[in-house]
Structure formats: C-alpha cells, structure tokens
Amino acid sequence: MKNFLSVKDAGNVEELAQKAIAIKKDRFANNNLGAQKTMVLIFLNSSLRTRLSTQKAALNLGMNTIILNLGQDSWNMEYENGAIMNGDKAEHIKEGAAVIGEYADIIGIRCFPSLVDREKDYSEYILSKFLENVKVPVVNMESATVHPLQSLTDLMTIREYSKKEKPKVVLSWAPHIKPLPQCVANSFAEWMNKADVEFVITHPEGYELNEKFSGDATIIYDQDEAFSHADFIYAKNWSSYNDYGNITGEHADWMITNRKMQLTNDARFMHCLPTRRNIEVADEVLDSAASIVIQQAANREFAAQAVLKEILDFL
Amino acid sequence: MKNFLSVKDAGNVEELAQKAIAIKKDRFANNNLGAQKTMVLIFLNSSLRTRLSTQKAALNLGMNTIILNLGQDSWNMEYENGAIMNGDKAEHIKEGAAVIGEYADIIGIRCFPSLVDREKDYSEYILSKFLENVKVPVVNMESATVHPLQSLTDLMTIREYSKKEKPKVVLSWAPHIKPLPQCVANSFAEWMNKADVEFVITHPEGYELNEKFSGDATIIYDQDEAFSHADFIYAKNWSSYNDYGNITGEHADWMITNRKMQLTNDARFMHCLPTRRNIEVADEVLDSAASIVIQQAANREFAAQAVLKEILDFL
Amino acid sequence: MKNFLSVKDAGNVEELAQKAIAIKKDRFANNNLGAQKTMVLIFLNSSLRTRLSTQKAALNLGMNTIILNLGQDSWNMEYENGAIMNGDKAEHIKEGAAVIGEYADIIGIRCFPSLVDREKDYSEYILSKFLENVKVPVVNMESATVHPLQSLTDLMTIREYSKKEKPKVVLSWAPHIKPLPQCVANSFAEWMNKADVEFVITHPEGYELNEKFSGDATIIYDQDEAFSHADFIYAKNWSSYNDYGNITGEHADWMITNRKMQLTNDARFMHCLPTRRNIEVADEVLDSAASIVIQQAANREFAAQAVLKEILDFL
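Residue numbers (the working numbering), protein chains in the order written: chain A, 1 to 315; chain B, 1 to 315; chain C, 1 to 315.
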C-alpha cells in the first residue's frame, strides 16, 4: 500500500478487515517491522481517538512517532499557488509539506473541511496539497470528505459482531447542535458499498450524500421503516451536502432511542464518537448491551495498525 | 498496586519511600519491565514537574508514553450523568474515558479542583468519573484534593535529608497572590500522619484544612512557635477550605524568611514548586544551603517510577 | 562538546559540516549511543523544522525525547533576579530551569528575542538564565541572536552543492511584512566568516548587522552588484539592528527574482524557511532548479545529529 487516502487504497475491504482482526489477536507480532521508521502525525484539527490509536498502532509496530499540531506548535500554512504572502500565513504548503516529508517515513494528516466552499472541500484541497509535496506515504486521519481509518474499523467491528454473512447495516442520520462534515458518512457508505452487507441509508430529506459516496445504497427517508430487520445501526450526524454545510431543521425526532432500536433485528448500535448524548442518541441506547461504541473505538488501534503494516511492507 | 490515587493505595508509606530511594541508585534496573506497555498522561491543567518526571519515570521502565492535553489537543468533556449535550462539551466522559482506557495500559490524570463547588471538588468528581469508566490502573497526577506523587517525593526527600529517625516536620502556610487548591497541603498532611515524624501544621486562622486530611496533626496558629525545633519546613500556600476557595487577608508576614528559618533546628526548606519568590518565600531562603527544593523536585522522577513499578508488577 | 550555543562551540566549522555529511550516509550507525538518555526540547516559540529535525536526530541516536511547550503546556517564567513575583509569572527560572535539567541529559531550547530591548536581547538574557541554572548540556534551537543548528546545516549544504573549494556566498536581505530577528543572519555571518568561502552581505542601508557577527564580511549596498559571480544566494529578512527591531521602508525591489539570479554564476538559492513567497522570494526562483531550500531543510536532521553525537560523546 503506497498511501491510505480512501477506500480506493484499501484493496479488498473485507480482506483488510480480516487482517485487522488478526492483528488484534497478537498486536506485537510485528513489533520490529517499524524499527528506525518515524511516523509524523499532523493535526490541523482536534483529535482524541485518531491521535491516540494511530500513535499506539505505530508504537506496536516499533515505529517512532512525532506529533505536530499545525498552527499551534508551528504556524498556519498558505495553500494557494501564486499567493503573495503578505497576510497571516507564515509558510507555503509547498515548503511546509515537503520539509515535513523529509523527516518522516510515513505522514498522517487530519484536515477537516471548511463546510463553506463545497467544490474546494470535495476536491480534497488541503490533503491534495500535502500529497503534491511529499514523497513518503500519507495516511488520511480524516480529511474534508472521508475518514477511511474509521471506516475500516467499522467494517472490522461489524465482522466481529455479525451473526450473519450478509448483515443488514443501516446508516442513520441523527440530530446535532451544529453543522458537521459529511466525512464519516461518506466514507462509511463507500466502504459498505464494497463490503458484503445489505446497506441502507436513512436521513431526513435534504441530507442526501454526494452520490459518488452513497452509490447504490438504498435510501429510505422513513427512519422507522429503515430500521426494520437491521442488524447494525450506525448513527451519525452530518450537515447538508446540497445546501452545503447547513442544517435544515432540527429533526429532534431522529434521535436514536430504545423504541427505534426495538424495530430492528436485535441490532448492535455503532457510532464513530464523539457523540452528543441525548441529542444524537439517548442514554438508554448508549448504556445498553446493544451498544458496541467502545469496542468499535478500541478497534481503531488495530485498523490503524493493519494500514501501517501494509505501508511498511511496501516501503 | 491497582491504582495510585491517594495515600490509601500506598501501603506502608515509609517502605514505598525506601523503594523510591533504591530506584534512584539504579534507575535503569527494570528498564524492560514496561516493554510493550503504554502510559497515557492526560492533562486537564498545566504541568511542568509532573509532566516531565512521570514521562521520564515511564521511559526509565521501558514504557511508551502518549501525552493528551485534554481540551487543547481534543475537546472538553461532559461529566454529568443524563446531560442533554447541547452545549460546548463535545464528548461525554463515559465514552471519552473508556476509549482512552482502551489504548492505555496505565493512565495518569491531572484534574484540578474548581475551587467553587467544595462538595463536588471533595468528592473527587472528575477523577472518579475517569475511574468509573476505565479498566486500567490510574495514577493521580494531582486531583481536586490530593497530589500523592508529590507527597511520596516529599517523604522520600525527608528520609534522604533527615538526621533523625523521627524528625519534626512543619507544614507552613505561606502567602500567595491568588487562590490555590488545598491538594498539596491535604496530601502532605495525610502522608505525614502515616509517616514516622512529628508533624505540625501552621497557618493563619481561617485556613484550617479538612480534618479528614489534617487528622491528628498538631495545629499551631503562631508561625514562629511552630518553627521552633523544626527539622523540615515545608511551605505551601492554599486557599480557605471553610470559606471555600477564598483568600482571607494578605498575611504578607507569613512569608518564609531567614529570620524564621533561624528559629528552627537548622531545618531544611522544602516546597513542591512552583513558588512565588518574595511572596511565599524570600530569595534568601531559596538561595541558601538550607533549601532542598531542587533535589526534592528531582526526586519526583523516582517517586513516580516506584509507583509505576508497583503497578507494572501488579499487571 | 559541552554545549552548542553558537559558532564558538563548533570547533572547526568545516570539520563539523563534514561530520554531518558523513552521518547523512548512515544515520543509524550510532543508534545505540543515546540509549537511556533523554533530551528535553523546550519551546518558548513556534517551531516546525527545528522541532521535527531535532527530535528525529535524537531518535536516530536512540535517545528518548520529551517536548515542553513552555507557557502552553506549563506556565511562563520569571527571569529577573530579586523579582517580587506578584504578577502573571508562576515560576522563577532559577527553579524552572534547574528542575527541567534534573530530568534531562541534554536540553534544547528555543527562545526568540523581544526585538524591543536590544541590550537585553544581545546579552542572550533568557538563554543565559537557563545556562546559569542547569547542569546538563544545552543546545541552542534559536535564541535571541543566533541559530547555530541552522548555520551548521547551511554550511553542510553549501559543501554538498559547491563546485568550488572557495565559493562566493552572498547573504541577501529580502523584504518581509513584519519585523524579524537578526538571528539567522547573524549566525550565518559568523559561520561563513569561519568557513572557507568568499562571503558578501548585501542589504539596504540601515540594516547593518552588529559587527560582532558581520565581522570582516564584505558589505555591498547594491544587491545587483553583490550578486555578480555568486555561487550561493542565501536570502533572509531581518529587522534593523541600529534602529532596533524596526523596519525602515518597504524595499519591495529587494525581492529575489529570476532576473537577479541571472546576475550570478548559476547560483543555488538558499533560505532557512519559512519564507514568504512573492514577498521575500518570487515563485519563479523557489520553484526553479536553482532552489535547494528543501534539501537544505532536510539537512537540519543531520546537522542536529552531528551536534548531539558530539555532546553524547562528551557525556
């Protein structure tokens, strides 16, 4: 694996999920593979799970890790070609990224969307600027449109908890108090579309995802109907793609509750976290045996390790 | 040792101090004990000594360390059960702590008191929320009411410098410009109460510590009288417990000076640091041969290492 | 090597540059030299290249690294002797530095000038306060007046790319939008004055460097004339030393362009980075084959490693 930017780099998604499951059984099996290799993790945005699990995965493989909170430890970057840099950006990405790349064997980067300029966000403007300027492999730690480390974790977790070969997986929009990126939903959709599952998306009208990501998924606007026979409920808020970055109505009735979970086939409840309790999901669901959100988060370590191992094998 | 939250987890405090002294003589003796183990250090508040010495101790034992500046690297947590999370807290501690726990073999946490809500602070509200939600051992890196890594260091340092089996140790309140927690004083008191020392506390009226911590210590309101025959002067400011979190009067005359040190039995001067020079303690004391504050701070590494070794032995 | 504070600690600068070049060929040759040694990197100011390259260098030598963003992770220090600490500084450097020193085998420190008080800055006030209070070796990661890790990198890079034994090296002032320290220019000048090069400095009148640093360098106020026959153009902005910390006029015509590069002997273009594109240097120069700024930045790792190796050999 050269880079891990989206599902396109994953090869067979089910096979990669199985590799992550195998790593979980013996996480130190390859603890010398990354010796004398350094991963630089660049954060343009806040992070908890991704920050810790990716570091841990790298350490499990014997790598060194260096954290760079861009903008906080250093300064903000200019991304525009030809810019006359007379503002508050102290360095151009052409130099910034290239230099970081010189000190790293693998780079991880987190760069959220603006939620203002859809075209720019969906071109993966910032991520692509890094890619243009570094020579080493890049791991996407959540970009403007996707979060593939999360999606691999999600598939891995579905495989661990599924009682069927082809479970029904429902991605359900859930309410939030502020506009969030579409990344996790986009990414989950494109992974599920490649996985051996029956995949359904449910959301209020106006929250349609970009078809590039939703693909052939069944879209049902009635949440109750969508939940019927579901084996996994994957809840997530996202802001509108069509009315870009906006929230259209409160839709408080879309919160995941026990009543709704009871419409399912004894489904497991999943969420990428962080989640707003009693806004997106009721306490009664998160605190029930159906919830596997902690196990899912714990799997981030092994998903990241599977990806880093593939990249180290390639180096 | 399962956790290290307060003196209650320390077992015999004098024995633990001796273990720390032994480690100081050969800090790399167990430098493989922590191999393939990761300590995550969570800071809700600023830190210098604790941050560096605890990392160093973990590294001496061959552990990996991951730092998380909560709120700065990630976001703030909601701690209330049943909260409807429509404010500025992006994640509930139920998920936040549980997830961090999944990536860690040991967690260290620093969480200062509010100094506003005494009942909540003295219930160790935040620390207990972490404890409820993690399965791995937790090390208290200074919480709302105690700072046991400091207290172990303090006892260790007293043993190194004491010329007697049962020295007279005086904890003296000292002035400050703003309200500080009672943690260090509380913790020092409960450790001294278990140690083989003659223990005296001196402070202006109104600064009585919670009796749960001061216990059977002799309390003397006349600083000069308290200093008489002292072998160790341990200075520290704290805000009022009774008039919770407030400062009652300036008491500039409580600053530790050479004149006061001369009332002692050639006592050593101790302070947990940081200290406000010429407010809490005069330059003439800190810069004198009587001061062992730097040696005391250096011992933080070995105290932390003794604790981490006990926990690793238990794992 | 005891400390690495300026060119005075470098010994023979050309020999040290050759050591860095040798390390580049096999950076893991001494990867056990730093075992059980810890470098604490203290940042009072932002950093990208220095932060990453110095960590990387230490890791290449098998050291542990601990980062401390002073003021951000902890609190600000008081530096004045005799201060009555009733302000916003929570700890005196006498304690702060001494304590950090206790946990470190080597300390790196970055402390920029105020650009307000010239006498204080040029006395290396902050750096010297650290030096007074620590017992371990100190590496200057850019101080008030010099940046020797950069200068060693610069000489190393000149030797790698020079076609002559004694190249003509031109340090050219370049425009910027805000006042910058003289550090890089000072330091480059004092290293070039000790190296086997023909050294010329060019800048607008009013930007004369302190003669302690510019020494016997040829100073030419006409940029075009200075560029003639140059083998290396080293561009950098600095604020006025005489009219301390100020900018005297815009001098936009001092930007490095292709027209000016064509006046040279097919010179390589160098800059310590970060650089303001199209203010200091035109895109056409940075994006041309003449530019070696990325290679130069990459060499920071090996220059730092050469210095750390000398210090470890001394320990």
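No lab work stands behind these hints: they were computed from the structure. One thing to keep in mind: the hints can contain errors.
For chains that are exact copies, the list does not tell them apart, and a pair is met inside one copy or across any two.
Straight-line Cα separation of at most 30 Å, DSSO-like style, residue types lysine-lysine; simulated pairs [stated by the list, open to error]: (1) K135 with K25; (2) K194 with K37; (3) K24 with K2; (4) K178 with K19; (5) K37 with K212; (6) K2 with K194; (7) K89 with K194; (8) K89 with K163; (9) K163 with K135; (10) K89 with K19; (11) K2 with K120; (12) K164 with K89; (13) K212 with K8; (14) K25 with K178; (15) K19 with K135; (16) K178 with K89; (17) K178 with K164.
Evaluated hints:
{"no.": "1", "hint": "K135 with K25", "in the structure": "between (33 Å within a copy, 19 Å between copies)"}
{"no.": "2", "hint": "K194 with K37", "in the structure": "neither (32 Å within a copy, 36 Å between copies)"}
{"no.": "3", "hint": "K24 with K2", "in the structure": "both (23 Å within a copy, 25 Å between copies)"}
{"no.": "4", "hint": "K178 with K19", "in the structure": "neither (36 Å within a copy, 52 Å between copies)"}
{"no.": "5", "hint": "K37 with K212", "in the structure": "neither (36 Å within a copy, 42 Å between copies)"}
{"no.": "6", "hint": "K2 with K194", "in the structure": "within (20 Å within a copy, 45 Å between copies)"}
{"no.": "7", "hint": "K89 with K194", "in the structure": "neither (40 Å within a copy, 35 Å between copies)"}
{"no.": "8", "hint": "K89 with K163", "in the structure": "neither (52 Å within a copy, 36 Å between copies)"}
{"no.": "9", "hint": "K163 with K135", "in the structure": "between (43 Å within a copy, 27 Å between copies)"}
{"no.": "10", "hint": "K89 with K19", "in the structure": "neither (42 Å within a copy, 35 Å between copies)"}
{"no.": "11", "hint": "K2 with K120", "in the structure": "within (24 Å within a copy, 51 Å between copies)"}
{"no.": "12", "hint": "K164 with K89", "in the structure": "neither (52 Å within a copy, 37 Å between copies)"}
{"no.": "13", "hint": "K212 with K8", "in the structure": "within (13 Å within a copy, 59 Å between copies)"}
{"no.": "14", "hint": "K25 with K178", "in the structure": "neither (39 Å within a copy, 52 Å between copies)"}
{"no.": "15", "hint": "K19 with K135", "in the structure": "both (26 Å within a copy, 26 Å between copies)"}
{"no.": "16", "hint": "K178 with K89", "in the structure": "both (28 Å within a copy, 12 Å between copies)"}
{"no.": "17", "hint": "K178 with K164", "in the structure": "neither (36 Å within a copy, 62 Å between copies)"}
Hint check: violations occur at hints 2, 4, 5, 7, 8, 10, 12, 14 and 17; the rest are consistent with the structure.
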